[in-house]
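Sequence lines, in order, name chains A and B.
Residues in the first sequence are numbered consecutively from 5, following this note's numbering.
Residues in the second sequence are numbered consecutively from 5, following this note's numbering.
Mixed in with the good hints, there may be bad ones.
Any copy will do: because identical chains look the same in the list, a pair fits if it lies in one copy or spans two.
Result set (SDA-like, lysine to any residue): computed pairs, CA atoms no more than 25 Å apart in a straight line [said to hold, decoys possible]:
#, residue 1, residue 2
1, 127, 170
2, 127, 97
3, 126, 176
4, 126, 82
5, 171, 128
6, 35, 227
7, 175, 201
8, 118, 83
9, 171, 73
10, 35, 74
11, 118, 135
12, 171, 138
13, 171, 19
14, 170, 229
Please keep in mind that the hints were generated in silico from the structure rather than gathered at the bench.
Nothing here was measured: the structure is a model prediction, and the numbers come from that model.
Number of protein chains: 2
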Amino acid sequence: SIIEAIETHQHQEPFLTGRKVLISAGPTREKIDPIRFFTNHSTGKMGFALAEAAAEFGADVTLVCGPVAEKTTHPRIQRINVMTAEEMYEAMHVHFEEQDIVIKSAAVADYRPKLVYEEKMKKQDGEWHIEMERTKDILQSLGEVKSTQYLVGFAAETTNPLEYGKKKLVKKNLDAIVINDVSSEGAGFGGDTNMVTYVNKLLKQEEIALASKREVAEKILKFIDQDMKDEIR
Amino acid sequence: SIIEAIETHQHQEPFLTGRKVLISAGPTREKIDPIRFFTNHSTGKMGFALAEAAAEFGADVTLVCGPVAEKTTHPRIQRINVMTAEEMYEAMHVHFEEQDIVIKSAAVADYRPKLVYEEKMKKQDGEWHIEMERTKDILQSLGEVKSTQYLVGFAAETTNPLEYGKKKLVKKNLDAIVINDVSSEGAGFGGDTNMVTYVNKLLKQEEIALASKREVAEKILKFIDQDMKDEIR
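Sequences and hints are given; from them, build the entire structure.
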């Protein structure tokens with residue numbers, strides 16, 4: 005129908021043409037020894053959906069990702085693989101300056117073992133205390149150095165996600181935040197669907213209903229584009 | 005050629021027909037909270053290669069595996085998915101009794117967080133001490149209850165692997181052990197090749213040179229079959 009044709013046309017409008025978009029995705033791994041490590045349940049699917057959608061909307065995408073099984077083939081996506089929070093911090097800062105939009109969807113480890121063993125730790129009787137230290141806060145550090153970049157964070161929470169997400173938006177000097185109640189059915193880690201709340205700097209909330217991560221990604225990018233046009237930052 | 009035909013025939017000889025083989029594969033994940041966990045680099049490839057090879061040699065295979073990306077389609081492989089060391093312990097003991105051969109190739113976490121948080125732990129300033137407790141030793145517990153089962157362990161080590169592996173063979177009442185120097189090029193976690201030493205109860209060592217994990221798996225199964233025929237247990 006004509007309406008479908010118009011919708012399809014709108015859908016494929018390359019509104020990000022000429023824009024540079026930096027996206028982080030996936031978990032990081034923090035080594036204890038050559039065999040063991042700490043990590044989290046992120047699979048990178050949301051970040052890859054954002055990268056694919058942004059590239060198809062015309063953007064030049066840099067995708068910094070931790071160890072994930074996801075693959076991407078779009079010619080306008082430059083993929084940079086990292087392993088640790090420290091490596092992700094470096095890669096994000098190296099590429100940050102030249103970006104128009106920066107979306108931090110990675111689930112970066114907040115803590116890492118203070119001591120990394122060169123050889124495999126032999127198990128012993130009894131308990132084992134692992135001392136963990138904070139990793140660098142990537143999003144906070146980007147918020148501190150940002151100039152014209154539109155900076156978007158994610159908050160994946162199980163308790164009071166909206167309240168926590170809004171605090172994070174302000175505290176980290178973000179332009180918007182995508183809030184994810186990972187305890188909801190169909191939302192969050194691993195699955196192919198998501199359900200989020202997009203909150204901009206005016207603390208205006210936009211609910212994005214349960215849909216494929218790709219559809220959710222497209223809606224997030226459209227809200228970002230609208231807020232940039234409206235100069236809400 | 006005739007020689008190739010004979011080799012092919014020997015290769016495909018279903019010498020495990022009628023045998024029941026239980027194999028564990030992959031890592032386990034030990035939760036800290038709904039987001040974070042502790043795990044290791046095992047991808048399950050060696051265990052899956054053993055399962056596929058055993059099934060093609062005629063065995064009825066039960067494959068207990070942790071979270072891995074590997075897939076198996078052989079109709080004689082029954083796959084049982086587990087997540088934690090505790091779940092793997094339960095699954096291995098449920099199926100142990102009726103087996104002829106049991107191969108523990110999984111990289112089970114030796115430790116798990118003593119406290120598992122129901123909600124995502126919020127990050128705080130400063131350090132964080134994680135108290136870890138020992139998980140049940142699956143291989144040791146199988147060695148304690150075994151009767152006629154031929155029980156094979158794996159030792160993945162970075163320091164003195166041969167010495168450590170032989171001690172483990174004796175201490176855990178195994179019939180054989182496959183020793184993996186995970187610090188060698190081409191051996192161990194993640195890759196598609198391996199290079200191991202098979203040691204039986206007489207402490208006779210058989211070197212299996214660098215080859216695909218599938219070829220290594222076939223050689224391991226042939227050594228096991230030969231030792232069972234020779235009643236070395």
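Handout entry: Hints the structure fails to honour
Key = 4, 6, 8, 9 and 13
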